[in-house]
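A.B. asks: So the sequence lines, in the order shown, correspond to chains A and B.
Heads up: the first sequence is residues 8 to 323, going by the numbering used here.
Heads up: the second sequence is residues 406 to 678, going by the numbering used here.
By construction, these hints were calculated from the structure, which means they are not laboratory data.
Nothing here was measured: the structure is a model prediction, and the numbers come from that model.
The C-beta atom is built at its ideal place from N, Cα and C for all residues, glycine as well.
Check the hints yourself; a few may be wrong.
Unchecked claim - Listed next, the in silico BS3-like pairs over lysine-lysine satisfying Cα-Cα at most 25 Å (straight line):
hint, chain 1, residue 1, chain 2, residue 2
1, A, Lys140, B, Lys415
2, A, Lys23, A, Lys92
3, A, Lys92, A, Lys110
4, B, Lys409, A, Lys150
5, A, Lys150, A, Lys140
6, A, Lys150, B, Lys412
7, A, Lys150, A, Lys189
8, A, Lys229, A, Lys140
9, A, Lys234, A, Lys140
10, A, Lys23, A, Lys150
11, B, Lys415, A, Lys150
12, A, Lys110, A, Lys189
To be verified - Okay, the calculated beta carbon distance ranges per label pair:
hint, chain 1, residue 1, chain 2, residue 2, range
13, A, Ile132, B, Gly506, 41 to 47 Å
14, B, Leu418, A, Arg219, 27 to 33 Å
15, B, Ile583, A, Thr37, 44 to 50 Å
16, B, Ser643, A, Gly187, 23 to 29 Å
17, B, Leu447, A, Lys110, 38 to 44 Å
18, A, Ala116, B, Pro490, 53 to 59 Å
19, A, Tyr222, B, Ser575, 50 to 56 Å
20, B, Tyr642, A, Tyr222, 56 to 62 Å
21, B, Ala448, A, Ser212, 37 to 43 Å
22, A, Ile305, B, Ser569, 46 to 52 Å
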Amino acid sequence: MKEGKRSSSILLYAIKRLLMIIPLLFLITTAVFIILNFAPGDPAVLMLGPEATNEKVEQLRNELGLNNPWHIQYWDFIKNLILNKSLGRSYQNGRPVIHEIAKALPISALLAIVAIIISSVVAIILGVLSAVKQYSFIDSLTKVIVLAGVSMPVFWLGLVLIIIFSVYLGILPSCGWGGGWKYLVLPAITLSTSPLAQICRLTRSSMLEVIRQDYITTCRAKGLPEKLIIFRHALRNTSIPVVTLIGVRLGNIMTGSVLTETIFAIPGLGRLTVTAVYARDYTMIRGSILTIAAIFAIMNLIVDLSYSLMDPRIKY
Amino acid sequence: MFWKRFKRDKSALIGLIAASIILFLAIFGPLLAPYNPYEQDLAKRTQLPNKDNLLGRDAYGRDLFSRILYGARTTVMAGFFVIFPAMLIGTALGVFAGYWGGLVDSIIMRSMDFLLAFPYFFLAILIVATLGPNLANAIIAVIITSIPQFARVVKGATLGLIKSQYIEASKAMGSSDIRIIWEHIIPNLIGPIIVLASVGIAHAVLAVAALGFLGMGAQPPTAEWGLMLSEGRAFVYSDPHLTMIPGIFLAFYILSVNLVGDGLRDTLDPRLK
């Protein structure tokens, strides 16, 4: 009975939060629309090239609706989004923005998930070991890894890995996508370093705090094996801050993915956005920013909901 | 007292020395540079480090060492150009929101939440896309994305402070709001603000360099470390030193700033450890 009540209150909270995402996205859409309206440069000129005649440019501007005042363009955009579930067509190639995003999103998602798995597993193992064996060799090694991880620019690390593994050793491809797991290795490692460092640092410090508490001493006193104490009793109580950070990083990993996808020429969402910015493809920029904000909001919600699963004391 | 505690932290001290060296290069770089960083010599393009050119030459035959020295100025200064305005604006917003509460608080903090609704780098890209790609706009973009951090922390700290007895006493004695903020609240916020700023500088330098790398920050032929890395990218196979050298300097600077930041945090705010 109690359990049922609890899960229904979580469900209610989840629905409430999900509904709150809608006005947020609406606000973001409006803001992005207004911001881009002030952007310099004419997409029609960019699409047609510098040699296009004025008439042609004017004709294309009419076709794209660029000659309408911004509030009419905005209204058309919203109408199109709600009625046709369409984000418009790309200025660059005329293809529907939604299709382009649907193609790019799974690639970025796969890359992000693999990277976050690598970083979480390695970081938690290193973090726990360095806390349990404080001031040992492994603790110092962890410190170096953490420092390098937070200090190395992602875009440089990617190039260094290409130089080592593609140029000198020749064992992994330097760029591209779609040829199997080999194409995933270097980008995933590149993308995982910064979250790895942060998760590792937090795991270590929370673990250090937990293993000094009385209930851990009690566990030891009653003769539980050390492994059981660490993994069942201590690690579980460090999980809240760590999982929060992993979730936040998963949302933020898209930042690193812009750079990683650019270096390794991966056709993901980050690269799609950057190329759209170069080409002043406003419809594509709008679509990808909206998608990114939606993913970010949903990730934050999942993190908040996961608290109650890890810590039954947290109620909504 | 502060210095005594700070210098006990060996790694922070090393970081401070390393960061000072780079800062020295940034300030006096143009005086130390052996060549003009923009002068091309295509006959000597992509030369490896040698006794004439300490770090070799880039794809246009420009002296890499001189470009690193000039680039130090651009990249390192960008960090300060970002962090000072972000700190001032963020602190002001945070103090107002925390002190006055109510509508002021709602408006300020909801705007901050709105800025935090995007991953920060995409927000920066969006801003650069609107303003146009150049170094100044990249700096503006990173300033805007850095403000919410300051506002949030400062608001939290201000909320804690206004409940304290000495502020109530000051109010009871008829001090004006501005006086209370200036004399009692701001001085107590300096610790956390310095800590945030020191961490924020590393972040800002990386973000500006990353925008430069994507072609959305400094434009060629400017000497900027992120842009230099991106220019070297085409030569990863034949001349890896063109990417390695600017990268090493950038990573070295970020590392040293991070070490100083960690040291400051442990010294000024042991609770954050």
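A.B. asks: CA of B/Lys415 to CA of A/Lys150, is that 25 Å or under?
C.D. replies: Holds, at about 14 Å.
A.B. asks: Keeping to a limit of 25 Å between CA atoms, is the pair of A/Lys150 and A/Lys140 held or broken?
C.D. replies: Distance ~13 Å between A/Lys150 and A/Lys140 Cα, so the pair holds.
A.B. asks: Would you check the hint for A/Lys23 and A/Lys92, treating anything up to 25 Å between C-alpha atoms as holding?
C.D. replies: Holds, at about 23 Å.
A.B. asks: Taking only the CA atoms, is the gap from A/Lys234 to A/Lys140 under or equal to 25 Å?
C.D. replies: 13 Å, holds
A.B. asks: Taking 53 to 59 Å as the hint, is the beta-carbon distance of A/Ala116 and B/Pro490 inside that range?
C.D. replies: 36 Å, violated
A.B. asks: Using the C-beta atoms of B/Ile583 and A/Thr37, is the stated range 44 to 50 Å upheld?
C.D. replies: 35 Å, violated
A.B. asks: For the pair supplied as a hint, A/Lys150 and B/Lys412, confirm whether the alpha-carbon distance does not exceed 25 Å.
C.D. replies: Holds, at roughly 19 Å.
A.B. asks: Does the Cβ-Cβ separation between B/Leu418 and A/Arg219 fall within 27 to 33 Å?
C.D. replies: 28 Å, holds
A.B. asks: Given the range 23 to 29 Å, decide if the beta-carbon distance of B/Ser643 to A/Gly187 lies inside it.
C.D. replies: About 27 Å separates the Cβ atoms of B/Ser643 and A/Gly187, which means 23 to 29 Å holds.
A.B. asks: Is it true that the CA of A/Lys110 sits at most 25 Å from the CA of A/Lys189?
C.D. replies: 20 Å, holds
A.B. asks: Quickly compare the C-alpha distance for B/Lys409 and A/Lys150 to 25 Å and report which way the hint goes.
C.D. replies: Judged against 25 Å, a Cα distance of about 24 Å means the pair holds.
A.B. asks: Okay, A/Ile305 versus B/Ser569 on CB: inside 46 to 52 Å?
C.D. replies: Violated, at about 40 Å.
Violated hints, in rising order: 7, 10, 15, 18, 19, 21 and 22; the structure is consistent with all others.
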